[in-house]
Structure formats: C-alpha cells, structure tokens
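From first to last, the protein sequence lines are chains A, B and C.
Position 12 of the first sequence, counting from 1, maps to 12 under our numbering, and the rest follow consecutively.
Position 120 of the second sequence, counting from 1, maps to 120 under our numbering, and the rest follow consecutively.
Position 48 of the third sequence, counting from 1, maps to 48 under our numbering, and the rest follow consecutively.
One or more hints might be untrue.
[Said to hold, decoys possible] Derived lysine to any residue pairs resembling SDA-like cross-links, with alpha carbons at most 25 Å apart:
1) B:62 to C:146
2) B:51 to A:66
3) A:57 to C:57
4) B:51 to B:35
5) A:51 to C:115
6) C:51 to B:115
7) B:62 to A:107
8) B:62 to A:109
9) B:51 to A:20
10) C:57 to A:146
11) B:51 to A:112
12) B:57 to A:112
13) A:51 to C:66
14) A:51 to A:20
15) C:62 to A:109
16) A:62 to B:115
17) C:51 to B:111
18) C:62 to B:112
19) B:51 to A:114
20) B:62 to C:63
21) A:57 to C:109
22) B:62 to C:57
[Unchecked claim] If you only want the chain C side, here are some residues facing chain A, beta carbon under 7 Å, derived:
23) 19
24) 23
25) 25
26) 26
27) 28
28) 108
29) 113
30) 130
31) 131
32) 133
33) 135
34) 136
35) 140
36) 141
37) 157
38) 158
If you're looking for bench data, these hints aren't it; they were derived computationally from the structure.
For each residue, glycine too, the CB sits at the ideal point set by N, CA and C.
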Amino acid sequence: MRGAAKTIEARLRELGVELPAAIAPIANYVPFVRTGSLLIISGQLPLDNGKLPDTFKGKLGKNVFNEAGQQAARLAAINVLAQAQVALGDLGRVRRVLRLGGFINATPGFIALPAVMNGASDLMVQVFGDHGRHARTTVGVAELPLDAAVEIEAMIEFE
Amino acid sequence: MRGAAKTIEARLRELGVELPAAIAPIANYVPFVRTGSLLIISGQLPLDNGKLPDTFKGKLGKNVFNEAGQQAARLAAINVLAQAQVALGDLGRVRRVLRLGGFINATPGFIALPAVMNGASDLMVQVFGDHGRHARTTVGVAELPLDAAVEIEAMIEFE
Amino acid sequence: MRGAAKTIEARLRELGVELPAAIAPIANYVPFVRTGSLLIISGQLPLDNGKLPDTFKGKLGKNVFNEAGQQAARLAAINVLAQAQVALGDLGRVRRVLRLGGFINATPGFIALPAVMNGASDLMVQVFGDHGRHARTTVGVAELPLDAAVEIEAMIEFE
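Same shape as in the complex, but just chain A (with noise of 0.2 Å):
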C-alpha cells in the first residue's frame, strides 16, 4: 500500500478521525516494536486526551453501556493508528492488519464481547478496507488498568 498514504489521511477525515497524539507509556516499557515487517502494539485504552472518559470507565455488564463498550474499543483502536502512524511515520505503509487482541472489562455473565470489540474491528476496516481484515481473540477479563472498559493491541505488517 505505499504511496496510499493520502488515501488512508483522506479516509481517516471521511471518518471524522483525528489522530491523538500517541500516548506515551508511564513505566519501562515502550508503545510498539518493531521487528523484520512487524509492528507489535501495546495494548491500548481509550483515552481522550490522555484521559480516561467517565463513559469508559468500568465494566461492560455494570456501569458501562454496550453502545459506550464499542465506542470505547473504537477509541482504543484510534490510539491503536496513532503508535503505528509515530513507528512508521505513514499510516499508507500498513499493508495488513494481522491481529487484534480485545480485553474486555466485564462482569462475569456479560456475553456480548463480541459487539463491543467490533467497535475497534469496524473501524480498522473503514480506514484500511481489506488491507484491515485481521484476526481476532476477544475475551472478558477481570480488571484492565485505570479501570478501563477496554484494551486492545494489535499486530500489523508494514512495509
């Protein structure tokens, strides 16, 4: 896909996607690896502005609408684009997007893992098309960091 840069920053505005800044990670670790035409991501959470929206704070099955859930993996995702734009400076030398790990902050009994994690899968397949089309494990786990609804990390070949 190189030389699509223009047509991923073109399909990003048609979305009404802005690209945050990346954040950065508080600890020893780092946002992505790269490794031979691998991008491995860290996991990711919703934050706007470095900050974790009350609407996505909490557990899915609890205090966390399922509509706000999938706004919450979108979010996540959105974050997800700003590492792999700052590790390869050109969203347009994505060639695939592999794999997404969905962790779902979620009360035991709380099933509907897959809708929410669609909120990330839908929209890696808006800005990419095909090139987007990865695969998934989504699972609901007990606690995610800040109290999340929502992390996601990711795996892409670039070129």
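Given the structure of chain A, go ahead and fit chains B and C onto it with the hints provided.
Just chains B and C now, kept in the frame of chain A:
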C-alpha cells in the same frame, strides 16, 4: 512436513476427528491471516455444527465439569485445525504449532486451568507429533463470547 | 548484542539475580519455541525452586500485597530469562525483548495492574538496557494456574 498430508489425514481418522466446516466470523474480522511463514488464527470457540453445546456453556468451577472443559478445549482446537486446513489447503504444510493461547471461562478460585487446556494441547501432539508441541499461555477469564467455556487462539509455522 | 554475554551475566550478578533452572511444563507443551529470529516463551509463573511461594499465591486486591505482586512479576520474568537462557544458550544473543504479556490474578476493582507488571518490565530493562524495552499488554484475570498472582509470557528477538 510437505508430503505428510496423508499422514495427517490418516492420523485424524485414527483419532476419530472429523474436521468440521471452518467457522465464519460474524463480524469485521477474519478467522486467520498469514504473514511470511506464520499463520495466525483467531480465537476459536468449542462450536459443534455452528452451535455451542450446552455442556460447553458456562464457567469452569461453577456449571461446567472439568472433563467437559477438557473436551471443550479439544473441540476448540479441532476448530483451529479446521481453519488451518482452509488457510493452508493441506495440514501437511504445518511445520510447527508455535503457540496456543488458552482462555478458560472460570470462576475466581478455579485453578485446574492447565488440565482443562490439556484437551487442546494433547490433540495437537496427537495430530502432529513433535511438530505439535507448542508454547502456551493459559489464563482464567471473567467471560467469553456466547458464554463458551473455552476460547483458543493459535500461531502456526507453515511451509 | 552477540559478544555481550559477559555483560549480561555481569549485569545479572550486579542485580543479585541468579537464574534458576528452567521450569519444565507438566503437560503436552513446551516452554519455548523458535521461529526465524523469534523466540516465543510460554506463560511463566512466579515459581521459586519449582514451588509457588505463599506470598505469591492468590489475588491482588484480596490476599496478595501490591509489593508482593511486583516481586511475583519480577520472579516470573526471571523464569522467562531462565527459559531464554536454555533456548539460546547465551542471553547475549537477545537482540530485543519484543513483548511481554502480563496476566495479573486480580479482583474486579484492582486497578493498580501496571504497577504490579512493572516488576517484570523493570527487570528486563535492568538486564538488557534499551534492548529490554518492550511492548506490553497488562490485564487482570479471574484466575491463574496454581492460583499464582502473576503469569508472564514473552516474545524475544534473537541473533
């Protein structure tokens, strides 16, 4: 292992394993991606003919018996193989099962997680011999899609 | 980092870290696999001489203190290094710690997950310097094998 296809097919027959139709994801993601010689398979559930058997629904430590959990792990692993069959055309192209990620739907306090996961690991070794010996990570999660007892993702090296 | 073996050994001594014997899995899987220049290490528990210390048993937010959790993460990371030592023969062959996956055995509501995981991340940077800086994903899970407080998996690039 090219040319070993017959052996794998014969091995599956011996084990009484009939590969089901690969399960289509119901959202904007794909059941597998390939990058280089790596095949990455999305988290698979213990679905039988597209349905989750009642015995594989719910939590270990609560309403799913340990032996049923093990069978669920085995069935999820069979669904992994069904995806690999579609991805590679021929399971004889599997050079090595690299990694299984096992997510067990469990109550806090249910610690027999590895025994449950063995249902998946044993199958891989039964089918591929030493090439089926994989790295793995097993954790107990708060909830899984459809309230399935087990979800298993895989990374496979192929030729 | 070839030729850096002495440095790594010296660094471990300085840190007072004695690599334990690598822990053998008790089932049909292996502690690590290699593919190309990637080393994938199975989820490691904070075992000491093959046993889980009482202080590292249970849940953060309930019966494991935060500092003990951090020490558990450090010990699990030391067990990761012990596996890498066996896999590579020489930790000087580690080119980059690519990714750590941190699973914390936590009660719903325990959000200091990153601080616990820092026990593992800090060790990697202490041992390998900038080559130890990794991508990571940290989540709180419902349960772990043996009721261990922490489980850590790794992906390492080697030469």
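**Report entry** When the least beta-carbon distance from residue 19 of chain C to chain A is tested against 7 Å, hint result
**Finding:** 20 Å, violated
Query - Restraint check, 7 Å cut-off on beta carbons, for residue 28 of chain C near chain A - result: 21 Å, violated
Query raised in the report: residue 51 of chain A and residue 20 of chain A: Cα distance at most 25 Å?
Result: 12 Å, holds
Report task. Compare the distance between the alpha carbons of residue 62 of chain A and residue 115 of chain B with 25 Å, and conclude whether the hinted pair is satisfied. Result -> 31 Å, violated
Query raised in the report: Are the Cα positions of residue 62 of chain C and residue 109 of chain A separated by 25 Å at most?
Result: 22 Å, holds
Query raised in the report: Hey, residue 57 of chain A versus residue 109 of chain C, does the alpha-carbon distance stay inside 25 Å?
Result: 11 Å, holds
**Report entry** residue 141 of chain C as an interface hint toward chain A, with CB separation required under 7 Å
**Finding:** Given a least distance of 6 Å, the restraint on residue 141 of chain C holds.
Query raised in the report: Is the Cα-Cα distance between residue 51 of chain B and residue 20 of chain A 25 Å or less?
Result: 41 Å, violated
Query - Restraint status (C-alpha distance of residue 51 of chain C to residue 111 of chain B at most 25 Å) - result: 15 Å, holds
Query - Supplied contact hint for residue 133 of chain C, tested at 7 Å Cβ to chain A - result: With Cβ-Cβ at 5 Å, under 7 Å, it holds.
Query raised in the report: Between residue 51 of chain B and residue 114 of chain A, does the CA-CA distance stay at or below 25 Å?
Result: Given that 25 Å is the threshold and the Cα spacing comes to 16 Å, the pair holds.
Query raised in the report: Between residue 51 of chain A and residue 66 of chain C, is the straight-line Cα distance small enough, at 25 Å or below?
Result: Judged against 25 Å, a Cα distance of about 24 Å means the pair holds.
Of the numbered hints given earlier, the model fails hints 3, 4, 9, 16, 23, 24, 25, 26, 27, 30, 31 and 38; all others are met.
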